[in-house]
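Working from the sequences, and respecting the hints, build out all of it.
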Amino acid sequence: MTLSFRSKLFLIAVSLLMTFAIASGLYLERELRNWFESRIETELQAHAQTAREAVTALPADASPEAIASLAERLGTATATRVTLIGADGRVLGDSHLPGDALHSAENHAARPEIAAAQTQTFGSARRLSRTVGKHMFYVAVPYTRDDVRGVVRVGLPLDDIDEVIAHLRLFMVFAILFGLVAAMFLSGVASHLMARTLRELVQHARTVTLRPSPLASDEPAAGLANSMLTLREELGQTLATMASERDRFEAVLDGMGEAVIAVSPDRRMTLVNRAARALFGLSTPPVGRKLDEIPDLAMLDDLVVRTEHEQSASAEFDLAGPVVRKVMARATVKRASGGTIIVIHDVTELRRLETIRRDFIANVSHELRTPVSVVQANAETLLDGALEDGEMARAFVEAIHRNSERLSRLIADLLDISRLEADKYEIELQPVALAVAVHRAIDAVEGKIDRALTAIDLAIDDQLVVWADPKAIDQVLFNLLDNAFKHMPDGGRVKVVAELGADEVRIEIRDDGPGIDFKHRDRIFERFYRVDKGRASHMGGTGLGLSIVKHLVSTMGGNVGFRPNSPRGSIFWFTLCREQPDTDAAARP
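Residue numbers (the numbering used here): 94 to 682.
These are computed hints drawn from the structure, not numbers from a lab. Check each hint, because a few of them may be wrong.
[Unchecked claim] Only pairs whose alpha carbons sit at most 25 angstroms apart, straight line, appear in this in silico DMTMM-like list of lysine to aspartate or glutamate:
id, residue 1, residue 2
1, 579, 567
2, 643, 596
3, 588, 605
4, 419, 385
5, 579, 506
6, 643, 610
7, 517, 477
8, 643, 536
9, 579, 516
10, 383, 439
11, 579, 509
12, 427, 395
13, 564, 619
14, 579, 536
15, 588, 567
16, 419, 386
17, 419, 389
18, 517, 619
19, 419, 615
20, 419, 409
21, 427, 338
22, 383, 411
23, 427, 359
24, 383, 409
25, 564, 575
26, 227, 136
27, 643, 442
[As the list claims (entries may be wrong)] Restraint ranges, calculated between C-beta atoms of paired labels, are given here:
id, residue 1, residue 2, range
28, 349, 445, 18 to 24 angstroms
29, 564, 504, 14 to 20 angstroms
30, 240, 199, 24 to 30 angstroms
All C-beta atoms, glycine included, are put in the ideal place defined by N, C-alpha and C.
Right, here's the structure in full:
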């Protein structure tokens, strides 16, 4: 059977009232008994003092009958049991025993109240009396008569106390029953009113959910319902604010370039932003998992352990993958929650640039050392007296001139590379006749070509036009042709070919020289990289020509590459647009 809400309220109220009433009754009964016994003990002490004075007033030669008679009179006067005991524990008189029974009474020396009175000022006990067969409350005091010690004991049956307590208990039971009946009636009325109020409140609450406007009523339930409506509106605003803050926080985290991972005190991840998932290749956020459960994150677990002894800790790691990445991680303890925030930076590009910078400085220093040393040595030789020898002086001056030209070319190439990499090399794309540009480049390197040793073939339509910067395409063609001529053997041949594509032109510079070994092909466009370092330096190369070609062609929107020639030699190629591009993205200033 299922009880209604009203019935449940009624039963709960009645149960609480009954529990309180029973506990109160038991407590009152115990306190009343203690109070009665305390009062009786006080009265018995007073009666015992009176009896002691009467006993000490007896003459020294008083007979046993006189002593027994005194005990009987004292008991009658005080309505108590009065017992006079000698020093040896013998009963000398007892108001509840006839005179002939005194001789057969037990020795009372071992009675607890008697033993206590003989050693202290008084003694008391609540016990069953074997003499009269009743539960008694005894108080005993010592007395001295003619240098003889004895004990006066006064007692009352506990049955009298139990009888009074029983009457009080009966009264309390009737009072409690009356109170319970009244309380049950009031509880029934109260539960009915409360159930009705709650029903009205539920109805108003339902109304609030359907119609979010205040209720016009003086009923308490309506007031509470209106308060609920206000609370709902405030709660809704708070939740909306929290949701907005959460979305803003997540947007900021996901928009960060740095990877961020939040870890709880037990080293479980509580937050992983988008950059962290991308960096470590996590398809789903591993929230709730420990760092050491994911192999790529195990290194971060050691970093978090360090923060147990330090406020923050940082370290750099190599992140395995198709391309090894270098990451810098810093873990900081959150003071409020005790967790840890880990911020990871991908420093792969930074370390690569640092390596390039170091290599660049080393290469520039190496390239400058040789010509500077030659210039310095020849100048010192001239100063030491070689100027007097005209023929020798001319040789030294020519060496100084050659190396100064080499220094000039190196500095010019370095400036070009610097402007290109800083996007400060200004170009202007416009139609350029390719054949004319090739002839200009050939004329520029003509002074370096021995016509008897090297032949140049052209396979270019005189009407072919490409979109390029005139200065930039001249530099590209010059560097590629100069590179081909430097490495050509006697009787070599160079061919310049233009192949038309759908929207671009592919220009190739082919030679039948010694070619380039496979191991060098991926690096030939790097700065200062030389296939034959000794030969290139001897021929005055700077090691920057092909790198400049790559940057210039890329700036004009084309591509550059290399492939071996058949049966031998090399083919360097680059592409340019045939028509004007749709945007000026390729023409970066």
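Checked hints:
1. 579 to 567: Roughly 18 angstroms between the alpha carbons, so the hint for residue 579 and residue 567 holds.
2. 643 to 596: holds, 20 angstroms
3. 588 to 605: Roughly 9 angstroms separates the two Cα atoms, so the pair holds.
4. 419 to 385: The hint holds at about 19 angstroms.
5. 579 to 506: holds, 17 angstroms
6. 643 to 610: Given pair residue 643, residue 610 holds - Cα atoms ~20 angstroms apart, limit 25 angstroms.
7. 517 to 477: The hint is violated at about 46 angstroms.
8. 643 to 536: Judged against 25 angstroms, a Cα distance of about 22 angstroms means the pair holds.
9. 579 to 516: violated, 30 angstroms
10. 383 to 439: Within the cut-off at roughly 22 angstroms; holds.
11. 579 to 509: holds, 21 angstroms
12. 427 to 395: With Cα atoms ~17 angstroms apart, residue 427 and residue 395 stay inside 25 angstroms; holds.
13. 564 to 619: holds, 22 angstroms
14. 579 to 536: holds, 15 angstroms
15. 588 to 567: Given pair residue 588, residue 567 holds - Cα atoms ~17 angstroms apart, limit 25 angstroms.
16. 419 to 386: holds, 21 angstroms
17. 419 to 389: holds, 13 angstroms
18. 517 to 619: holds, 20 angstroms
19. 419 to 615: holds, 23 angstroms
20. 419 to 409: holds, 7 angstroms
21. 427 to 338: holds, 20 angstroms
22. 383 to 411: Holds, at about 21 angstroms.
23. 427 to 359: Roughly 13 angstroms between the alpha carbons, so the hint for residue 427 and residue 359 holds.
24. 383 to 409: holds, 21 angstroms
25. 564 to 575: Cα-Cα ~16 angstroms, so holds.
26. 227 to 136: holds, 20 angstroms
27. 643 to 442: Distance ~20 angstroms between residue 643 and residue 442 Cα, so the pair holds.
28. 349 to 445: 18 to 24 angstroms: holds, 22 angstroms
29. 564 to 504: 14 to 20 angstroms: holds, 18 angstroms
30. 240 to 199: 24 to 30 angstroms: Given about 26 angstroms between the Cβ atoms, the range holds.
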